[in-house]
Amino acid sequence: MSAVTLDPAAAPPPPAFRRRSKLERTLSNAAFWRGLAGLLVFLLVWQAGGFLHTSLGIDVPFFSKLPAPTAVAAAASEVVVQSGYWMSWIESIKRVMIGFLIAQLIGIPFGLFLAVNKYFRDIFFPPFEILRPIPPLAWVPAALIFWPTNEMSIIFVTFLGAFFTIVINVLGGARTIDVRYLRAAQSMGATQWHLFSRIILPGTLPSIFTGAAVGMGITWNVVLAAEMVSGGGSQSGGGLGFFIWSSYMGGSMEHIIVGMISIGIAGYLSSALIRLLGERVMPWRRAF
Amino acid sequence: MVTTVPQSEIDIPATAAGKSRVELKNVSRGFGEEWDREEVIKNLTFEIKPGDLTCIVGPSGCGKSTIVNLVAGYDTPESGEILLNGSPVRGPGKDRMVVFQETALMPWQTTYDNVVFGPLLRGEGTRAEIDKEARRLLDRVGLGDFKKKYPSQLSGGMQRRAELARALINKPVLLIMDEPFRGLDAMSRPLMQEFFLRLFEENRRTNLFVTSEIEEAIFLADRLIVLSNRPAQVRAVIEIPLPRPRQFHMMSSPEVFEIKRQALEILHEEAMKSFRGQGARGEQVRPQAQP
Numbered sequence: 001m002s003a004v005t006l007d008p009a010a011a012p013p014p015p016a017f018r019r020r021s022k023l024e025r026t027l028s029n030a031a032f033w034r035g036l037a038g039l040l041v042f043l044l045v046w047q048a049g050g051f052l053h054t055s056l057g058i059d060v061p062f063f064s065k066l067p068a069p070t071a072v073a074a075a076a077s078e079v080v081v082q083s084g085y086w087m088s089w090i091e092s093i094k095r096v097m098i099g100f101l102i103a104q105l106i107g108i109p110f111g112l113f114l115a116v117n118k119y120f121r122d123i124f125f126p127p128f129e130i131l132r133p134i135p136p137l138a139w140v141p142a143a144l145i146f147w148p149t150n151e152m153s154i155i156f157v158t159f160l161g162a163f164f165t166i167v168i169n170v171l172g173g174a175r176t177i178d179v180r181y182l183r184a185a186q187s188m189g190a191t192q193w194h195l196f197s198r199i200i201l202p203g204t205l206p207s208i209f210t211g212a213a214v215g216m217g218i219t220w221n222v223v224l225a226a227e228m229v230s231g232g233g234s235q236s237g238g239g240l241g242f243f244i245w246s247s248y249m250g251g252s253m254e255h256i257i258v259g260m261i262s263i264g265i266a267g268y269l270s271s272a273l274i275r276l277l278g279e280r281v282m283p284w285r286r287a288f
Numbered sequence: 001m002v003t004t005v006p007q008s009e010i011d012i013p014a015t016a017a018g019k020s021r022v023e024l025k026n027v028s029r030g031f032g033e034e035w036d037r038e039e040v041i042k043n044l045t046f047e048i049k050p051g052d053l054t055c056i057v058g059p060s061g062c063g064k065s066t067i068v069n070l071v072a073g074y075d076t077p078e079s080g081e082i083l084l085n086g087s088p089v090r091g092p093g094k095d096r097m098v099v100f101q102e103t104a105l106m107p108w109q110t111t112y113d114n115v116v117f118g119p120l121l122r123g124e125g126t127r128a129e130i131d132k133e134a135r136r137l138l139d140r141v142g143l144g145d146f147k148k149k150y151p152s153q154l155s156g157g158m159q160r161r162a163e164l165a166r167a168l169i170n171k172p173v174l175l176i177m178d179e180p181f182r183g184l185d186a187m188s189r190p191l192m193q194e195f196f197l198r199l200f201e202e203n204r205r206t207n208l209f210v211t212s213e214i215e216e217a218i219f220l221a222d223r224l225i226v227l228s229n230r231p232a233q234v235r236a237v238i239e240i241p242l243p244r245p246r247q248f249h250m251m252s253s254p255e256v257f258e259i260k261r262q263a264l265e266i267l268h269e270e271a272m273k274s275f276r277g278q279g280a281r282g283e284q285v286r287p288q289a290q291p
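Residue numbers (UniProt numbering), protein chains in the order written: chain A, 1 to 288; chain B, 1 to 291.
In short, the hints are calculated from the structure, not lab data. Just so it is clear, the structure is predicted and the values come from calculations on it, not from any experiment.
Computed from the model, here is a short list of chain A residues facing chain B with C-beta under 8 Å:
id : residue
1  : 178
2  : 180
3  : 181
4  : 183
5  : 184
6  : 186
7  : 187
8  : 188
9  : 189
10 : 190
11 : 194
12 : 202
13 : 284
For glycine and all other residues, C-beta sits at the position ideal for the given N, C-alpha and C.
Pulled out of the complex, with its shape left as it was, chain A reads as follows (with noise of 0.2 Å):
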């Protein structure tokens, strides 16, 4: 036997370095500073906005209307004391999370259905992309008198809004696994439910998480129309959109921005928890 080894078995030997913290890697990240520095940047143009406006007279349009970031800070200082804003936080997050769940929870298998069975797309597909092109909001006025509770509304909205994105995602991702996996498998003796398990789930599951991200997105974009919308108040506890439209009602543009930067933070820490799930569940992402 000639042994061929082609590449040198022998992996150089791991580097002797100790490893960093997260924090330290993070400090010496160029990216790290250049993003800051853009955030910095934008706050100053905003600031500088202002400024010409009240100590110089200078109209600059839509500045001139706009409280300067440090107004700003100050009425958030206010607000995050008060626990109605924490309310509101909890009320938009539970929301916007049974929606996201449900829709998760019969998009997955429903898109999963439609790749894999012939007849069931046959059948579903159709009325399916006939309701997609609707706005998750043209169904807020049907939905408010159809659902008993406001609160029910609002959760099947938001469940709408996900809902589509999440299964056009699954059943793209899941209609084109290539077909030399399925093979390949079918040739080592699996059944139909290992292709079922072992290649079409495993190779559904970044259609998914891409479903995810565009579903969570536009769940938040639904559930703060829904909420200002369905005017929150007596019925249903009022929620971040619901906070925005008080705060317009009330004339404070201050709270107005203090929820809208509220939505961008929830919006990006959503997100964020769906890339981390998401390194998580497929490993050999992270691979490449």
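Given the coordinates of chain A, assemble chain B onto it according to the supplied hints.
Chain B only, in chain A's frame:
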């Protein structure tokens, strides 16, 4: 190297382990409806002898992949039959393993998990036995240190070797290789060919090797089957008289040169036919359908 006869191969009658015969008898396969018919293979007959490495070469788009699909059982012939050791091929099975074009390792499994996939799925043997065999094979293909890597972390050559290990652990009696080294760079391709030759020459497992590289075919094969343009038919069967183990220097002998010349002449002729009769990229110019 000691080759033990694995259990699953003992019950194959009349053939030594891995030495099986494949016969194609008047096999035809076309696609499309009557008015839009394209015959890919028509009355194709050839034989792969036990323990032989048979290379199929032909102009691009002549139906080589269709032959692979038929022998592997992913597709069924419309007429004629395909026999493996005398019994007709029905559907895919672990006795015939395919090494695919480019690579078809599951990207979501580590190299090791890809290799143990088949035996674990079928529940053959204990986990420890499967593990031992997987480690042996991975060491054999030089990937002992790469068990935990994902396919995307391997080089092109390593991916091919991992795929060989994944096929071999299933103890096929026939290995079908569909342009396996396509896409490898000019440096690793000859290395991979030589590595594969040594592996083959160890136990001479019957091999159907499809390639579009005539030089690769001559270097590897016992017999060359040169196919015609679509519909694929056997234009020539060329025995390669080179001794084994094969060495690269044999490729510069006058006999090899003569074989290459003959084969290229046929291939060129067929390619020209396809060029004249069809669009440049094999899109057939069909006669107008009668109203």
